[in-house]
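S.K.: Chain by chain, the residues run as shown.
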Amino acid sequence: MITTSGLTKVYRSRGREVTALDGVDLHVREGEVYGVIGQSGAGKSSLIRCVNLLERPTSGTVTVAGQDLTALAGRGPRAGRELRRARSRIGMVFQHFNLLSSRTVQDNVELPLEILGKSGKERSRKALELLDLVGLADKAKAHPAQLSGGQKQRVGIARALAGDPKVLLSDEATSALDPETTRSILQLLRDLNRQLGLTVLLITHEMDVVKSICDSAALMERGRIMESGTVSELLATPGSELAAALFPVGGEASGADRTVLDVTFHGEAATQPVISQLARTYNVDISILGAAIDTVGGLQVGRMRIELPGRYEDNVVPVGFLREQGLQIDVVGQEALLVKEGAK
Amino acid sequence: MTWSEMQPLLSQACSETLSMVLWSTLIAVVVGLPLGILLVLTDRGGLLQNVVANKVIGQIVNVGRSMPFIILMVALMTFTRWVTGTTIGTTAAIVPLAIGGIPFFARLVETAVREVDHGLVEAVQSMGGNTWTIVRKVLVPEALPSLIASTTTTVIALIGYSAMAGTVGGGGLGDLAVRYGYQRFETQLMWITVAILAVVISLIQFAGDFAARSLHSRGARSGPAPALRLLKAKEPAAADVSKVA
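Going down the list, the protein sequences come from chains A and B.
Counting in the UniProt record's numbering, the first sequence runs from 1 upward without gaps.
Counting in the UniProt record's numbering, the second sequence runs from 1 upward without gaps.
Simulated from the structure, these hints should not be mistaken for laboratory data.
All clues stand as given, with none of them false.
Selected chain A positions facing chain B (in silico; Cβ < 10 angstroms): (1) L54; (2) R89; (3) M92.
Chain A regions said to be covered by chain B (calculated; three or more residues, Cβ under 8 angstroms): (4) 79-86; (5) 101-107; (6) 113-119.
Backbone N, C-alpha and C fix where the C-beta goes; we use that ideal spot for every residue, glycine too.
Using the sequences and the accompanying hints, generate a full structural model.
M.R.: See the structure below:
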């Protein structure tokens with residue numbers, strides 16, 4: 001639904017060049033919720049603004065719903081008619097809501113319809129319908145200043161949906177909200193994604209957002225995509241930073257000559273008593289350093305950090321046994337630890 | 001001088017001041033508003049970025065603003081004659097007043113429009129809005145409380161300028177105060193003029209503040225709008241105007 005290839009954005013100011021995006025290839029499938037996560041300054045914001053060409057990419061292409069937007073852009077900073085029409089089919093919600101304080105809630109939702117040239121009657125019918133959908137039917141005549149943050153974002157979402165978009169871009173939509181409101185807004189986005197088949201591309205710096213609603217995710221650092229894939233793919237990728245961050249298990253080795261393993265199990269493997277089998281078969285003492293079971297992207301996943309006596313070289317056979325049982329084993333070594341600290 | 005002698009003088013002066021200020025404000029707003037918006041749009045990073053146009057407009061506005069009004073009035077005489085056919089009288093005074101008011105108002109508009117959150121512009125761009133839509137539906141409505149406050153400031157400044165219109169026979173309250181109060185020692189008439197000016201200015205200020213504030217109460221921010229605060233700082237200047245007059 002959304003494909004970017006070789007997307008590069010370089011900002012030039014007073015002779016200095018800052019590369020915000022460095023060859024980003026992103027592929028968002030139709031009907032999925034795709035999360036791009038990264039720290040501030042990683043280039044997430046530039047990325048999402050390049051998708052509807054609020055920012056012109058320096059090079060590379062953006063295709064949304066089969067239409068190459070970069071080809072529509074034309075020259076010069078102004079957006080031509082074709083690009084503007086394409087934008088009207090892409091909804092966007094913002095961190096700071098960006099509602100017009102001079103208009104009522106209903107008039108804010110009608111704004112995109114005014115731009116599309118719809119009649120007054122049609123506009124108000126559609127706006128009220130959308131306000132009902134986001135649960136704010138009773139606030140139609142209120143001004144944004146009278147609403148709470150969560151309500152404002154609901155208006156923002158209703159407004160973004162006014163043009164019947166197939167794609168919704170969410171620019172840190174929950175970052176200005178408290179945890180509980182964040183949950184309800186994410187739930188709303190999830191519901192809209194399911195009910196309307198809306199494809200959602202969101203950027204965030206909160207791992208919880210990815211964890212609770214994303215089907216796929218990408219990790220961005222210094223303008224590049226470091227990892228990407230569906231959540232289950234990521235969890236099945238040994239040494240995935242994103243998987244480790246999505247689903248952290250703590251615990252440090254108790255001594256130098258110990259082997260620390262992260263055991264990830266989902267599906268069938270979760271039902272087998274593997275740890276006690278391991279202990280009995282190889283007669284080893286296993287300490288559990290940390291463990292958690294959680295739902296990530298709608299999947300039940302368990303992760304456990306265990307410690308075996310002896311160095312890794314002494315434990316090759318037990319590790320092999322665990323892998324045979326269909327478990328994903330990551331050996332937590334010096335290097336892996338360093339990577340994790342970097343991710344934090 | 002008795003009241004019956006003063007009364008026709010005063011009422012004529014009032015209507016002259018009113019007509020000068022009204023027409024020049026109207027022209028200043030009609031021309032200054034687009035000019036101020038253009039200053040924002042053509043600026044670096046603006047929607048219609050054009051560095052050359054921005055510099056040219058900015059320079060014209062700067063020169064117009066910093067020119068002492070009495071000199072502007074004399075300098076514009078040829079132009080005034082071309083427009084109105086005369087260089088003396090109330091109508092002739094409207095031309096330099098309007099020309100003086102345009103850059104004054106344009107700068108205030110620029111400040112007011114710049115205050116509009118860029119996120120709102122981005123939001124309308126993301127809906128497929130063009131520059132004209134952004135000006136019409138975002139910049140002007142969102143800056144409206146500040147624009148009203150700017151208009152108030154402009155009206156008051158133009159009342160001050162209009163006191164100098166006596167130099168070209170424009171009449172008005174300022175001229176009355178100078179001719180009778182200063183040249184003929186009719187202190188009483190002068191004080192009445194000063195009082196009328198003070199009351200008029202206060203009323204305009206109050207009405208402007210009220211309009212701006214009632215529009216602004218819809219806004220998310222609390223406290224007076226930036227332009228209102230600006231206006232508050234200008235109030236002593238308004239008081240000076242009445243002293244000069």
